Amino acid sequence: MNSSFTAAELLLEHATHQRVYQTSCEYREHVDPYLADYATRHPEMAQQSSWFSVIEEVPTGDGGIRQTFSLKDIVIRGKSDFTLLEKQLDIELPGFFRDFYNQIQVAVLALLNPIVIYDVAEMLEVAALHQQIDIENGNPAKPTHILRFAAMPPFPARFAIRRRPADGIWKVVSVSDESLHEELWTERFWPESCQETMDQWMRRLLETDGSPLAVGRSYPPPLWRADMRRVS
1034 MNSSFTAAEL
1044 LLEHATHQRV
1054 YQTSCEYREH
1064 VDPYLADYAT
1074 RHPEMAQQSS
1084 WFSVIEEVPT
1094 GDGGIRQTFS
1104 LKDIVIRGKS
1114 DFTLLEKQLD
1124 IELPGFFRDF
1134 YNQIQVAVLA
1144 LLNPIVIYDV
1154 AEMLEVAALH
1164 QQIDIENGNP
1174 AKPTHILRFA
1184 AMPPFPARFA
1194 IRRRPADGIW
1204 KVVSVSDESL
1214 HEELWTERFW
1224 PESCQETMDQ
1234 WMRRLLETDG
1244 SPLAVGRSYP
1254 PPLWRADMRR
1264 VS
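Each residue of the sequence shown is one higher than the one before, starting from 1034 at the first, in our numbering.
Keep in mind the hints are simulated off the structure, nothing from the lab.
Possibly wrong hints are sitting among the right ones.
Said to hold, decoys possible - Taking CB as the label site, the calculated pair distances span:
#, residue 1, residue 2, range
1, Pro1198, Ile1098, 49 to 55 Å
2, Pro1176, Arg1262, 43 to 49 Å
3, Pro1066, Lys1112, 44 to 50 Å
4, Asp1242, Gly1171, 39 to 45 Å
5, Thr1177, Thr1101, 53 to 59 Å
6, Ser1209, Pro1076, 47 to 53 Å
Computed from a predicted structure; not experimentally measured.
The beta carbon of each residue, even a glycine, is placed where N, CA and C say it ideally should be.
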């Protein structure tokens, strides 16, 4: 993996390779509904049906099937129109984020933990949802300082860029939808070790196969990939 590559370049290079895995769980059945949803907005995504290819199926003896299959990332290239994003949220996006979305519209990283990288429309939808939740909970309106741009569906774990109130610097952080409104503003909630540049974030995800999701955190694998392992 080229050490000088940007996040977009790392993703595009990673998407040229297929990886082989084994599992008796239903990985594809978990991911497919999200691909179908994105295909309605990005018809070219439906054409990338080769993301999952079965190599071999072997009965497990308990009525199940162990599959050997290959995975390949799905990436829709092209410049995203994020002017609406900046206008509606009244923010100026950092240069690294602009650089990434100048090359990528939407992506699904087919890793041990599959990661969906949102398109602009979904970023706006998620931001509006959280703004509405804050209003309903009686929290005062504050300038946008967190923009969620990726997730591991259907769990509440998301990735966001966060603007630090003290110096205005944007970093990538892991954030749960279950986090409290005030926690997201508190600086001690975000140790420096858990804040990454976009390039660092992408490199770490690809080098670790998406597990663990966040720096310094380790969780048991979800049931739908409990025994999944990479073969090559």
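Non-conforming hints, listed in increasing numerical order: 3, 5 and 6
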